[in-house]
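Visitor: Letter by letter, the chains look like this.
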Amino acid sequence: MSVVTEVSPDGQKLTIAIKGRFDFGRHQEFRESYEKLNAKPESIVVDLKEATYLDSSALGMLLLLRDHAGGDESHIRVVNSSSDVKKILAISNFDKLFDIS
Amino acid sequence: MQAQEPLTILIAEDSAADRLLLSTIVRRQGHQVLTAANGAEAVDLFRRQQPSLVLMDAMMPVMDGFEAARQIKLLAGETLVPIIFLTSLTESEALVRCLEAGGDDFLAKPYNQVILAAKIKAMDRLRRLQATVLQQRDLIARHHDYLLNEQRVAKAVFDKVAHSGCLNAPNIRYLQSPYALFNGDLLLAAYTPAGDMHVLLGDFTGHGLPAAVGAMPLAEVFYGMTAKGYGLAETLREMNAKLKRILPVDMFCCATMLCLSFQRRSVEVWNGGMPDGYLHRMATGKRVPLPSGHLPLGILSAEAFDDHTDVHPMASGDRIFLLSDGVIDTSDANEQLFGVERLQQVFAANREADRLFEDIEQALRDFGGEARDDVSMVEVSLLEYAAAQTPAPVYSDSGQSSPLDWSVSFEFRGSTLKRFNPLPYLLQLLLEVHGLRAQSGALYSVLAELYSNALEHGVLGLDSSLKRDAAGFALYYQQRNDRLEALQDGFVRVHLQVRPRGEGGCLLIRVEDSGKGFDVAKVMARPLEGLRLSGRGVGLVRQLGHNACWMDEGRSACVEFFWGIEA
Chain A
2 MSVVTEVSPD
12 GQKLTIAIKG
22 RFDFGRHQEF
32 RESYEKLNAK
42 PESIVVDLKE
52 ATYLDSSALG
62 MLLLLRDHAG
72 GDESHIRVVN
82 SSSDVKKILA
92 ISNFDKLFDI
102 S
Chain B
305 MQAQEPLTIL
315 IAEDSAADRL
325 LLSTIVRRQG
335 HQVLTAANGA
345 EAVDLFRRQQ
355 PSLVLMDAMM
365 PVMDGFEAAR
375 QIKLLAGETL
385 VPIIFLTSLT
395 ESEALVRCLE
405 AGGDDFLAKP
415 YNQVILAAKI
425 KAMDRLRRLQ
435 ATVLQQRDLI
445 ARHHDYLLNE
455 QRVAKAVFDK
465 VAHSGCLNAP
475 NIRYLQSPYA
485 LFNGDLLLAA
495 YTPAGDMHVL
505 LGDFTGHGLP
515 AAVGAMPLAE
525 VFYGMTAKGY
535 GLAETLREMN
545 AKLKRILPVD
555 MFCCATMLCL
565 SFQRRSVEVW
575 NGGMPDGYLH
585 RMATGKRVPL
595 PSGHLPLGIL
605 SAEAFDDHTD
615 VHPMASGDRI
625 FLLSDGVIDT
635 SDANEQLFGV
645 ERLQQVFAAN
655 READRLFEDI
665 EQALRDFGGE
675 ARDDVSMVEV
685 SLLEYAAAQT
695 PAPVYSDSGQ
705 SSPLDWSVSF
715 EFRGSTLKRF
725 NPLPYLLQLL
735 LEVHGLRAQS
745 GALYSVLAEL
755 YSNALEHGVL
765 GLDSSLKRDA
775 AGFALYYQQR
785 NDRLEALQDG
795 FVRVHLQVRP
805 RGEGGCLLIR
815 VEDSGKGFDV
825 AKVMARPLEG
835 LRLSGRGVGL
845 VRQLGHNACW
855 MDEGRSACVE
865 FFWGIEA
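As they're listed, the protein sequences go chains A and B.
Start counting the first sequence at 2; every next residue gets the next number (the working numbering).
Start counting the second sequence at 305; every next residue gets the next number (the working numbering).
If we strip away everything but chain B, and leave its shape as in the complex, we get (with noise of 0.2 angstroms):
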């Protein structure tokens, strides 16, 4: 048998030959005692001396057992402290009484030394318990805490990270339940140099924290690389290769993500693993589905991984609607799922095009399902374009070194022109002279459109007028694919040259290509405004640079920009 540690035990009894015999008893057992005479005596030293056990007479003077049992019991709180009654009642009204005081068990009078020791182990065991299921209650208790503390923090660390962007542009309407980062749903919004938009829903595989960790990586890759004008390819590649990077195997980003260009009126999409998201065309009330065409991120290698992506024009005011599975996985009581047929439902009586979410979140009441915190849904629209603002960079550094008399050449060739993108390290180069950078739109609008032309209409001979109508539009690109997948040689060169002028300075770029060029006076005649689908870019270039003009034929673009004085 186990050796019992020993315990501090009262013993309450009027008897004084009762006391003396008792205390014998136990202490031979190995215990200490204190004794008392009555009630309240009982009570004080319970107090003063925190005993863990009490053997109690029920008829004492002054105060009887039952009260002391009770006061002793709101005394010792939550802990157990066992009271043993000790007792020649035999009616069992009074025993009931006994137990229903506090008291934990009773000993019969003459007392037998066996059973008294066998109580007192048993009412050990017991309190011993109670205390562990304490220890560990509040141990417990402690964690969550603990864990929802360090859930907040990393919420509102999450918060600022997913929200640093444009989510609250105008033209961006989004829901998402309060924690459903934590279970892997990312949000993400940012405009590019040239003013166009990108954005991103996510979502990661899993819940809770492990779910969440991924979001910090992709967003940083997001807004830095749409910061310095990347486009929607290097982006997804660098996205998928940091994930795969760092992720484990079985953890993945299911994403679609969009670069709304308002200056084109064209949205490009790429949806890996996502349900399908919306074009929502207001002119005739049609949704055309964008939907998932790719293994979702961070699973692919880098070489494996494919950045195809979908270009869909746009009207002003159309807009693109995209949903996490929280939507459609939602379930009713006999795990049935909401599912994409109930929500086209939604779609189809949906009346005030400001209410959709309203009326999503309602069928969901409706449907009865079980409310889950992964609900994402975002909207953008298109605006006009002047109405879509970029705010300006804010730079850090003092202007001192700014490099103000210098040119340089690039000529890039076919395999570079397949993948290589130089617009961002172009426009980084430029915007190291200060005086640039406040129309670092404007440039990156107009060395954009230039390299494309250059690249598009100039090395790879596509026609803009296919871009008159949706269809011909999505044929363009597919064209644009097809071609630049078969590129073999050709080549666009630009010439950037930078020179003190005044009080500030002059910029020239001169973009050219290997193509066969085009009727520059007959484009030319064309008015600026009111250009529908196509041959946007040379309208956009005359209007945001100074002597913009074409020659040898249309092979050679030039436009110039000056800062600090009036052009």
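Extracted from the complex, chain A is given alone in its bound form (with noise of 0.2 angstroms):
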């Protein structure tokens, strides 16, 4: 498994991580990784520790998480991004809509 989600005890953390390339490939497991929740929860963390790379269509995969988890009301942090990830979000300006560390 590519994706792998973890939801805390109380459900209100939703830990989504991701391990190798987080590309197009990865669009099915990624969606039902929140989509097949019953609650939604509280707060939503992207795990890349292990993500080696990450292109424009992952990016297309985090905005629809944003959207599902409320749009403009949500609250999703990407903790673990290596440098070479960070540099992508960066380009992209994603640390305006994500809380990226």
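Hints are computed from structural coordinates only; laboratory data are not their basis.
Accuracy of the hints is not assured; some may be wrong.
To be verified - Calculated cross-link-like contacts (lysine to any residue; reagent style SDA-like; alpha-carbon spacing at most 20 angstroms):
1. A:Lys97 with B:Lys377
2. B:Lys546 with A:Gly72
3. A:Lys97 with B:Gln434
4. B:Lys377 with B:Ala344
Please dock the two separately framed chains into a single complex, following the hints provided.
Guide: Take a look at the structure:
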């Protein structure tokens, strides 16, 4: 599994971890990771610790997640980005939409 | 067991008794039977009746089973017509010959009915499998041809849309891989009515047709608004709103848009999500990066969209280089990316500025990267003002309804001045007067100059002498943004008066502002030529219009345009 989902015991926090290349190939798994949940979690964390690469369709997937979580009302953290991944997020100025660390 | 579909089976057997026996068995199993007494008859029957399966005796007069099998396989082509050899031969060599001649199986005499039925059934399965594979192969090939043709037609249409601007202008050089558009890359260029040049390099998310569809609406807004005289901010706002409205959430367009002004010798830049562009100053050899400062187009709502641009002064011959991420994201066999540092090494090693694209391509080849089909590069250079040619717009109406005697006044106040650009509207209005159309470029330049003077120096009180050097230039535009943001009151008034005059007519433009005015005599004393970064506006108005004059201590500017007669 290259997309691993974990929901905190109280169901409030969803963590989605991506392993390897984060590109169009992950589309289905990534969408399922949050669409299959019955309850909407309070907070969402996307863990990119083991993501090696991120392309523009991955950025699109993050936008889909953000839209699903309520658009401008959502709060999504993108954590553990490598410096390469951070660079890609920075060029697109995604720090204006996501809390990136 | 599933009932078997009846087949037409050809039996080739020289012994009449065996032939009769076999025919009876096969018929009883529900199949239709054709019979031949030798190989030649078998081939002839096959040609005429196309049976689905052949039971073939090996040893026959006239033509033996081996030769008949070869000929039948040849006639059948890609279709699988199974041939089962009937043989009393037992030596392995003879059995091998059966298979080599094209036989698919063999059946030893005397015949065992159960085994014969099972073999016919097994061969029929194979035959069907082959038929299905062939059918699917043909279907895929047809779909593939269809897709290629669709892509070819779409490419022809998209190429027309994307290239209907001025990409062939003498100051533009570009390089795009042939199907770059189908990987989402888009390059547009067009002249504004004032002779400035708008250039956009964009990169949609995704690949293939979905990535290319956004190009149409984007190009439409780009060309439409540029031709009407809208600036970068308004055009970008409209493009963003349109893409936001029509694209799915996960699709967006990274883009860098430029407004290159030959007349002001400056470039205005907006970069949302594209790799750094570079302003190459020829005098110093320095490359000023033009980094992304915004989210790509099509993500933010119209209210949240940030249309803030940066303005840089340019000297004649300076170049701007833009590229898509296909260049720096080209990866080698070990998934190493080409990267910005390697690109900058190419910059540093580049000796002939005109060969930059070739140098970059060579570096990509040396890097051993897999060739990508989304490599776009464009270089735009600043020409001397006179060298930049604006083609005259073409109008389709007859001119019978041209209004020739009217006047109109506008007053644009504080909050309107912040965002609204009245110039395209004013120009549209004036171009209803046919006599003015031939000078639309000059007209727009003068209107734009008078309006921005009234707004920037009048209402906002900006000091044009700031623009003397590059640092001051940046400061000037910073102050412009800040003061515009804080603007509460103030006004710019525009009066237009059109009067018939002899065979032609005359347009009087008067622009007033609420500012402090300036020392008219001092500014007018400056020579028309040789002005540097600042104060060029006044000279331009005097050159392009007639009887330009400033009154009310510089708070009111007048200029006239004539047509149809010698002024």
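Visitor: It remains to establish, for every hint, whether it holds in the given structure.
Guide: Okay, the hints, checked on the actual structure:
A C-alpha spacing of about 69 angstroms is found between lysine 97 of chain A and lysine 377 of chain B, which places the hinted pair above 20 angstroms, so the restraint is violated. Taking the CA atoms of lysine 546 of chain B and glycine 72 of chain A, the gap is about 18 angstroms. The hint holds against a cut of 20 angstroms. Of the supplied pair hints, the one linking lysine 97 of chain A and glutamine 434 of chain B is violated, its CA atoms being roughly 57 angstroms apart against a limit of 20 angstroms. The straight-line distance between the Cα atoms of lysine 377 of chain B and alanine 344 of chain B is roughly 14 angstroms, inside the 20 angstroms bound, and the hint therefore holds.
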